Amino acid sequence: MPTVRIPSVLRKHTDGATKVAADGATVGEVLRAVATEHPGLAEQLFDGEAVRGFINVYVDDEDIRYVSGLDTPVEGDSEVALMPAVAGGAA
Amino acid sequence: MRFGDISQAIGNTPLVALPRLSPEGYTIHLKLEGHNPTGSVKDRVARYLIEQAERHGLLSPGQRILEPTSGNTGIGLAAICRVKGYPLTCVLPENTSEERKQLLTMFGAELVFSPATEGSNGSVRVARELAAADPTAYMPFQYGNAANALAHYETTAPEIIADLPDVAAFVAGLGTGGSVTGVGKRLKRWNPDIKVFAAEPEYGDLVYGLRNLDEGYVPEVLDLEVLDSRIKVDSRKALGATRELADVEGIFAGVSTGASLVVARRVCKRLPAGSQIVAMSPDGGWKYLSTGAYAPGDLDEIATAISGTLWA
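Chains as they are written, first to last, in numbering that gives the first Met the number 0: chain A, 0 to 90; chain B, 0 to 311.
Bound-form chain A, shown alone (with noise of 0.2 Å):
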């Protein structure tokens, strides 16, 4: 089954879970399945139907908007990352 990632700032939602597995063939079925087994999440997640501007996802460390948004396929080994959106490192 595939895991999402955590980030901290929403870990009151998951009892401080930093990785739940949850089951989907896509990263939109995936995060719904996490947002209904974690109510509190889904707000935190979504803006209607999209996901909320500031926070980055990732499958397998590639952003899913340059493949192909909440409809980029997921495997079982699948690693699914929540990213808050943060200004670079090094500048």
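Hint data in this document are derived by calculation from the structure and do not stem from the laboratory. As the structure is a prediction and not an experimental result, all values here were calculated from the model. Yeah, the Cβ is synthetic: ideal placement off N, Cα and C, and Gly gets one too. There's no promise every hint is true.
Below 30 Å or equal to it, Euclidean Cα-Cα: the simulated DSSO-like pairs (lysine-lysine) are [said to hold, decoys possible]:
| hint | chain 1 | residue 1 | chain 2 | residue 2 |
| --- | --- | --- | --- | --- |
| 1 | B | K187 | B | K268 |
| 2 | A | K18 | B | K187 |
| 3 | B | K268 | B | K236 |
| 4 | B | K236 | A | K11 |
| 5 | B | K194 | B | K268 |
| 6 | B | K184 | B | K268 |
Selected chain B positions facing chain A (in silico; Cβ < 8 Å) [unchecked claim]:
| hint | residue |
| --- | --- |
| 7 | S228 |
| 8 | R229 |
| 9 | I230 |
Use these hints to put chain B onto chain A, whose structure you have.
Just chain B, lined up with the frame of chain A:
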């Protein structure tokens, strides 16, 4: 090469192939920006920030300059401000490495610290507060100033095209977004088939820590449209590649270089066989020695131990 003063001796850095670390059938080259006068790619940006402001009448002689910077831009600005006669205040996260603080101080900059837990966003916040309180100061603001990307559009990219006209892809780290945006746009104007990839540092929990998701920040300089993809790289992978670079290719680079190298190797297989790839090396490793990133020992332990300071 002769120059009138240090502010003119910026750019024209070496493009060096990595024959031992490139995947078979591809050649990755590093643009070694550590060869700039203060040791980083940010010398290009600093010069453009100041000279564009002078050109547009935004800066008067002796006026104070204020900038949020976790180091490299500040160091570049500090050297240029010194020779051009502008006092400089840098706002930087308190966990910035000691080398950087000493360099800034030596160049005469005044330092103001922002909380480590807020990362670069904290520096931006504090700098904005200071600028609002002191209308006489000029804040170039590298995250939102078009001169940042312009420096790369007008200098970095033309150098790459001159040295490697058949470049197929460009990879750079994502900080302000100036490199990927400026170089990427110019390369795509040269050849629309060139691919542009961003290597995004994956910060530790310390950096993301207390952040509210409503306070996320996407730099205005960054043009997401120019990217063909964005791939995140964690500290361990970036550090591993950085150390391998020294070990195998004899190149001592900062950890952002390792992150770009990780992405360059990953995207090779998406390009035609024989493709030439350019990855940005923003700086050398010198300013990070005190973090322990280059100390002997187990990679996992080192990556964990320094994750809070690595990208600072």
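Hints and how they fare:
| no. | hint | in the structure |
| --- | --- | --- |
| 1 | B:K187 <-> B:K268 | 20 Å, holds |
| 2 | A:K18 <-> B:K187 | 39 Å, violated |
| 3 | B:K268 <-> B:K236 | 19 Å, holds |
| 4 | B:K236 <-> A:K11 | 28 Å, holds |
| 5 | B:K194 <-> B:K268 | 13 Å, holds |
| 6 | B:K184 <-> B:K268 | 23 Å, holds |
| 7 | S228 | 4 Å, holds |
| 8 | R229 | 4 Å, holds |
| 9 | I230 | 5 Å, holds |
When the structure is compared with the earlier hints, a violation turns up for hint 2 alone.
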